[in-house]
Structure formats: C-alpha cells, structure tokens
Amino acid sequence: IAYPGIKIGIFRKTRNACYFTTYKVFTEKVMVDDYVADWKKGTLEVVLINASLIQFFGIDNFERKASMEFDVILVEESTELEEEDHVMLQGRLRGTVAPLPMKIDVCNPGAPGSYLHKTYVEKNGHADQDKDFAYFQTNSYENVHNPKSFFDRLKKWIGTQYYARYVLGQWKAFRGSVYETYDPAVHICAPFEIPDYWEKFVGIDFGLDMETDGNNLFVRVVRLFHGNLWRGAPTRQSQQQVAVFLLGAVIDRGNSLLEDEGRN
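Following the numbering used here, the residues of the sequence shown are numbered contiguously, the last one being 264.
Honestly, I wouldn't trust all of these hints.
[Unchecked claim] Only pairs whose alpha carbons sit at most 30 Å apart, straight line, appear in this in silico BS3-like list of lysine-lysine: (1) K29 <-> K103; (2) K123 <-> K148; (3) K172 <-> K13; (4) K13 <-> K103; (5) K24 <-> K41.
[As the list claims (entries may be wrong)] Label-pair ranges, simulated between beta-carbon atoms: (6) I188 <-> W157: 19 to 25 Å; (7) R153 <-> V30: 22 to 28 Å; (8) V36 <-> G159: 25 to 31 Å; (9) P4 <-> M88: 24 to 30 Å; (10) W157 <-> V106: 17 to 23 Å; (11) A37 <-> S114: 37 to 43 Å; (12) E45 <-> A164: 37 to 43 Å; (13) V144 <-> N108: 15 to 21 Å; (14) M88 <-> F150: 49 to 55 Å; (15) T96 <-> K155: 48 to 54 Å; (16) S67 <-> F151: 42 to 48 Å; (17) P191 <-> R153: 37 to 43 Å; (18) K118 <-> V186: 27 to 33 Å.
Quick caveat, the hints were computed from the structure, so don't treat them as lab data.
The beta carbon of each residue, even a glycine, is placed where N, CA and C say it ideally should be.
Can you build the whole structure from these sequences, using the hints too?
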C-alpha cells in the first residue's frame, strides 16, 4: 500500500501447493478486502486499490513467464527449490518501484550443504558477510498461535533429528536414521591401520550384473579392504583377483592370499 504499483511474486515448488496452502491462507486470513480492487482467482492474482499486483506461482509452471519483473519475491518452503530456481528468481528482481528489491525465503531448515545453507547460514555473522542479506532463525515455541496440543505431540521427537530440524529450527542432516540407536560418539572411531592377523569378513552386493556358472564371478561393485575398487562388468583378471582375495580371507584368515590363483 505504501508503494503504489509494486509487483510482488509469491512462489512455491508447485502451483497446486501454492494454491492450496499459501494462496488460500493469504486470501482467507491475511488480505483485507478494503485494500483489494480485484480478485483474479483464475490466475491467482490480487490487484490492490493502488494498482499494486500480488501474483502466486508454482515453479513448475513458471518457465513461460520467466521474463517477468518483480519488486519483491517471497518463496514459501524455499528448501524445496533447486539452486537454478533460486538463481532464476533472483534475476527477476528488476522492478523499480520498491526502494530495495528483495527476495525473501521462508522455510523449515534443510540439510547442511544445501544451496540456502551455503548462501546464507554459513555466511551469517562472518566478518566478510555480504551486506545485501539478513538471516533470521526461529523455532516452533516462538509461535504463540500454536496450540498446546501441538507442543504435546512434539515431545515424542525430543532428542531426535526431527526435533532439532522441525521444532528447534536447526540445520541438521538426517544421519543414521535407519538405526535409531546410532551414536557417532559410540560407533565411530579414528582411522587406524587394520592388523594383518585380524579375521576378515566380506559382504558383497551382487546387484543385477551377477552371473553364477561355477567358475564365473561377476561383481557390480566390490570394495576390498586394501582399497581396490571394480565397477561394472569386471575383466577376467579382476574376477580372479576378487575370487582369490575372498578365498584367501576365508581359508587363510587374512594372513595371506592363496598362492595358487587357479583355485578361483
């Protein structure tokens, strides 16, 4: 309202998600009718009384409109977008009405190493931080509109990565999610040289490339303790080397490989 003629684009990953969440909440609970000149529901546009325009998009149907210009862009659940989507939207900030064109990303935290994390979180607070962005982190407990029953349900997540990411607002990777008892402090040790006298156990995922005809050994991916790696359909020589290693590990307890490669 303060800037007549301003163009605002509001985005989500898909148009359906934008319509059923962001657009409906905005039109039903946020926007005041007194400020609206026209509701264009077919195109998800809201025209204000001062000729300002608010448009809602899904990235999945935006390509044909990628030459549009905006003064302000808001991205809901921005972790759902790819890096190229963010770069493309940044290039659409070519409006001249707002005193400072800006892109606003709103999201639950994702994994460290993602585009948003590298672009904003890792740079936040550093001495060499870009002066053209600000980063704000919040958590579910700061939302006074959440009912008590919501927080009661959250208690079952305490101590998990879900709680850290979706409740406390921390950028955490989902590691060890298959085994909930996984604890890096217990199950990870510093690298060390494996003694030759240790008993060796070998596990192989043969994949879809395995052939079993008595003397053949086809292994899609086999990683041996000494670091050799074969990918795809191995050569006859690599088959023999793998077979010798496996037999040596089982029969000789890892002290030495079989002397006779003919036993493959």
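Hint check, failures only = 2, 8, 14
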